[in-house]
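Please build the complete structure, drawing on both the sequences and the hints.
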Amino acid sequence: MVRGTFRNAARTLIAAVLPIAAVVAFAGIAAADPGQVVQAPAPVARQVAEPVASGLSLEEVATNPEARNSDPLVNGAAAGALAGAAGSGFLSGVSCGPLLIPCAILGAASGALWGTAIGLLVGAVAPGVVPQVLP
1 MVRGTFRNAA RTLIAAVLPI AAVVAFAGIA AADPGQVVQA PAPVARQVAE PVASGLSLEE
61 VATNPEARNS DPLVNGAAAG ALAGAAGSGF LSGVSCGPLL IPCAILGAAS GALWGTAIGL
121 LVGAVAPGVV PQVLP
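Residue numbers (the working numbering): 1 to 135.
Check the hints yourself; a few may be wrong.
Unchecked claim - Pair by pair, the computed Cβ-Cβ distance ranges are:
id	residue 1	residue 2	range
1	19	125	23 to 31 Å
2	19	100	19 to 27 Å
3	71	13	29 to 37 Å
4	73	4	35 to 43 Å
5	13	90	17 to 25 Å
6	20	99	35 to 43 Å
7	102	82	20 to 28 Å
8	128	8	38 to 46 Å
9	94	6	20 to 28 Å
10	129	13	28 to 36 Å
11	98	18	44 to 52 Å
12	124	98	16 to 24 Å
13	90	20	14 to 22 Å
FYI, nobody ran anything at the bench for these hints, they're computed from the structure.
Glycine included, every Cβ here is placed at the ideal spot set by N, Cα and C.
Here you go:
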């Protein structure tokens with residue numbers, strides 16, 4: 001009975017980690033270019049912030065075509081995955097007790113998948129709700 005439980009837990013863990021491993025395999029690991037020369041930053045003049053009397057119109061920010069990524073589907077999926085992984089990982093870890101780390105990892109993977117699906121749905125149905133990644 002215990003052997004079957006461990007076998008099922010191992011299968012579940014492999015199924016949860018497999019999408020993450022595929023992303024790492026295809027995207028690769030970030031590394032600095034050794035041939036690139038880094039220069040010291042120039043001194044920056046101190047700027048004083050002044051309040052704007054009229055405020056900032058949120059409509060201009062929400063519809064900025066010059067944003068780094070203005071696609072609401074992609075931004076909704078990313079935001080949903082982040083929120084789902086954080087919330088589900090925390091709640092799963094807290095509810096498991098002695099198996100805190102494995103439960104948190106499995107909960108975060110499951111929450112990321114559900115959050116991505118919900119974020120895509122929100123980005124498709126209500127694109128004005130999803131914030132853009134501004135430059």
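To see whether the hints hold, each was checked on the structure:
| no. | hint | in the structure |
| --- | --- | --- |
| 1 | 19 - 125: 23 to 31 Å | holds, 25 Å |
| 2 | 19 - 100: 19 to 27 Å | holds, 22 Å |
| 3 | 71 - 13: 29 to 37 Å | holds, 33 Å |
| 4 | 73 - 4: 35 to 43 Å | holds, 41 Å |
| 5 | 13 - 90: 17 to 25 Å | holds, 19 Å |
| 6 | 20 - 99: 35 to 43 Å | violated, 19 Å |
| 7 | 102 - 82: 20 to 28 Å | holds, 21 Å |
| 8 | 128 - 8: 38 to 46 Å | holds, 44 Å |
| 9 | 94 - 6: 20 to 28 Å | holds, 23 Å |
| 10 | 129 - 13: 28 to 36 Å | holds, 35 Å |
| 11 | 98 - 18: 44 to 52 Å | violated, 25 Å |
| 12 | 124 - 98: 16 to 24 Å | violated, 41 Å |
| 13 | 90 - 20: 14 to 22 Å | holds, 18 Å |
In summary, the structure is inconsistent with hints 6, 11 and 12 from the numbered list given earlier, while agreeing with the others.
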